[in-house]
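2 protein chains.
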Amino acid sequence: MSLVVQKYGGSSVADASALKRVARRVADTVKAGNDVVVTVSAMGDTTDELISLANAITAAPDAREMDILLTAGERISMALLAMAIHAEGVPAQAFTGPQAGVITTEHHGRARIIDVAPGRLEKAIAEGKVAIVAGFQGLHPETQDVTTLGRGGSDTTAVALAAALRADVCEIYTDVDGVFTADPRIVPQARKLAHITYEEMLDMAASGAKVLMPRCVEYARRYNVPIHVRSSFSGLEGTWVVSDTEEGDPMEDPIIAGVAHDRSEAKITVIGIPDVPGTAARLFEAVARADVNIDMIVQNVSATATGLTDISFTLPATRIDDAIAAISGDHDGIGYADLVTDSSIGKVSLIGAGMRSNAGVSAKFFAALRDAGVNIEMISTSDIRISVVTRADKVDEAVRAVHTAFDLDSTEGEAVVYGGTGR
Amino acid sequence: MSLVVQKYGGSSVADASALKRVARRVADTVKAGNDVVVTVSAMGDTTDELISLANAITAAPDAREMDILLTAGERISMALLAMAIHAEGVPAQAFTGPQAGVITTEHHGRARIIDVAPGRLEKAIAEGKVAIVAGFQGLHPETQDVTTLGRGGSDTTAVALAAALRADVCEIYTDVDGVFTADPRIVPQARKLAHITYEEMLDMAASGAKVLMPRCVEYARRYNVPIHVRSSFSGLEGTWVVSDTEEGDPMEDPIIAGVAHDRSEAKITVIGIPDVPGTAARLFEAVARADVNIDMIVQNVSATATGLTDISFTLPATRIDDAIAAISGDHDGIGYADLVTDSSIGKVSLIGAGMRSNAGVSAKFFAALRDAGVNIEMISTSDIRISVVTRADKVDEAVRAVHTAFDLDSTEGEAVVYGGTGR
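Chains as they are written, first to last, in my numbering: chain R, 1 to 423; chain X, 1 to 423.
The hints are simulated quantities; they were obtained by calculation from the structure and are not laboratory data. Fair warning: this is a prediction, and the values are worked out from it, not measured in the lab. Treat each hint with caution, since some may be false.
Because identical chains cannot be distinguished in the list, a pair is counted as satisfied if it fits within a single copy or across any two copies.
Unchecked claim - Distance condition first, Cα-Cα at most 20 Å in a straight line; then the derived SDA-like pairs of lysine to any residue:
#1 LYS210 - ASP45
#2 LYS129 - MET66
#3 LYS210 - ASP342
#4 LYS123 - THR143
#5 LYS129 - ALA63
#6 LYS364 - ASP409
#7 LYS129 - GLU377
#8 LYS364 - ALA117
#9 LYS129 - GLU88
#10 LYS31 - LEU3
#11 LYS129 - GLN144
#12 LYS129 - ASP62
#13 LYS364 - ALA18
#14 LYS123 - GLN144
#15 LYS394 - SER357
#16 LYS129 - THR58
Chain R on its own, in the form it takes in the complex:
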């Protein structure tokens, strides 16, 4: 008998018929001889509707009360799912995050899980019940207040429960069939990956693949929880996210896992800053105080005549105003001449653990971009990833060119049923 943790997102539980379909899948998993723990998100647009209500009350809702408000969403879906599973003749019991023993930091709206005390869940499982757990939420023990985990929180809840319960697998159900070699909306020949390593998945997620959030993959890697990403609408096998040692010989693996892209970033160039020690530190300290995450950084070769240089960096486009305000606020300290922003950029990344042991990957990547007429503005690399920044309107072409160059295009003429790797 296996212990299976299943996670269903908002689109999988959008209405009564969707909830009933999920309940049947849970019941089938139980009838196949498994113990099942289910993590569930809020139904469809519930979270957005609750946020709208809060914004109708006040422009600056308190974080503590916002978390109380938002956790009502999973409360509704978990109760309804328990009813639907009962209606399938299978015993089930619903638990809030606090009841399930999900212990978090105190940061309302973006809390991190620090421990899981799954005593009540273990008791329910021992009694032969399906345990249903509200995703996205936990308890801060000192204040005894409910917290929410922020983006990707429900996936992380599922992985954290799987780790604490030593589950055999954490199944993440979504509206796509798995992880693809590229976004099928851009590359119709993209193939579904049978498996991918945690490291590759982390780099895919950080590079724009939206099927899983980096924090969830990071948690799974730390506790070695096998993740199975699959569709709640089809019965197909999806993509397994696992450590690179457990799925056969890594040398047998393909060199490249996939091509990811991201159009959600913007670029800031700080022009004419003194090329002396400490200037870059002062610049990025200002940005860090505004709680803005930086992605790529490029510093120009200094013009020796003037002793001045330029620094460009990329960041989420939504945070550009905050970053500009932070840098402007320390204008005298940083001592720059001008700030230039650019929101029309895109990032294309090639990810594959096989890069480590295969020479020539970078050369082939840049050649493919050159042949497609794509100009490169910034470059960043890790041991299993190469990323470039280019014009936003060149991204689709770049992704297709790289996908073809690395022989990732499907030769089997498989129909790709779902429209994207992103939600």
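Assemble chain X onto chain R, guided by the hints.
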């Protein structure tokens, strides 16, 4: 400085602008120098919508999961109200029933409050905050599960908190101006009562006046909590519900508090049952096993020739099928000839503590009904109430006739702003 507990019903918090109005009233009460605890119901039709969702999933939702589902409603309204009060510049903190220390029995959907441990509320008050508490819900300590209190639960929450915190007053805000001498939709000359005793209010509520539920009044009487029923839409003084000793000399009080009516009951007549000891017990034991509450009972004078008699009783019309099934199920044991049901009845009641010391009240009541041509089918009395059952279509006429006969009609030509004592 006074401690004021305020309760706002669903119509008072139906949308964002209603919530903001409530927040201003709370802020005004704080600025007038009071400590304030607020109990809030779910917004508008939220509870009905959640019940519909559950019914779309299954015809027989589990009571435990139903309570988890329904408590999401108050969770939303309490969080939004806290935000709205903050926006008025007043510190506030929202608490679920369990967080507020509301301890209940384990009966999901109809739990009773058995204790209130208001430590967290007292701490919030001591810190100068408005404490907002979700009405209608509590915690069963052994299962650690949330429970709901059933009909009238939010009013009862408010009174229970007022008792535990030794509040100076429990203000119940509603969509009418207070308790009236009759339903103003039927009697336009009905007057708002300045005060009414717990006992009179209990009999008014039990006789069909919907402004307060009997269980809330009963709780207030037991702990001697003064209730102030008033409108959340006007600034008017409402009706005080108090013990009869604290508002001056009871002999000065008017003899009659008001005329109540109820069209929600039905009548069952059990025909031809043996007039021997134990038959009535057997009949009503069957009804009690179906958990049906009986109101009035009349047994005919026995026809000595046959040794058989008839028994009529009234009950909520919604429970008539359950009662018939229960009685039919013990047909042989009770030994009756036939069952007759009647759903076209109405009840008219005259309530007043002054009846105790004033002769002739019954005579005047029956004379008024006779002069209005209203036929009486059943009669029931207590020391402060007379009730009669009549045809449903004669109720309005009966209420008006009695109201006039006891000089309850307003002579001041006051405009009655709101449409009824019921919701």
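Hints, verified against the model:
1. LYS210 - ASP45: Classified as within; 18 Å inside a copy, 36 Å across copies.
2. LYS129 - MET66: Only across copies: LYS129 and MET66 sit 17 Å apart there, 32 Å inside one copy, limit 20 Å.
3. LYS210 - ASP342: neither (23 Å within a copy, 64 Å between copies)
4. LYS123 - THR143: For LYS123 and THR143, only the inter-copy Cα distance (12 Å) is at most 20 Å; the intra-copy one is 26 Å.
5. LYS129 - ALA63: Result: close only across copies, 16 Å inter versus 34 Å intra.
6. LYS364 - ASP409: So LYS364 and ASP409 pass the 20 Å test inside one copy only (16 Å; across, 96 Å).
7. LYS129 - GLU377: So LYS129 and GLU377 fail the 20 Å test inside a copy (56 Å) and across (54 Å) alike.
8. LYS364 - ALA117: neither (49 Å within a copy, 70 Å between copies)
9. LYS129 - GLU88: within (13 Å within a copy, 47 Å between copies)
10. LYS31 - LEU3: For LYS31 and LEU3, the Cα distance is within 20 Å only inside one copy (13 Å; across copies 57 Å).
11. LYS129 - GLN144: For LYS129 and GLN144, only the inter-copy Cα distance (17 Å) is at most 20 Å; the intra-copy one is 27 Å.
12. LYS129 - ASP62: Classified as between: cross-chain Cα gap 14 Å, same-chain 37 Å, threshold 20 Å.
13. LYS364 - ALA18: For LYS364 and ALA18, the Cα distance exceeds 20 Å both inside one copy (45 Å) and across copies (64 Å).
14. LYS123 - GLN144: For LYS123 and GLN144, only the inter-copy Cα distance (14 Å) is at most 20 Å; the intra-copy one is 23 Å.
15. LYS394 - SER357: neither (30 Å within a copy, 94 Å between copies)
16. LYS129 - THR58: between (42 Å within a copy, 19 Å between copies)
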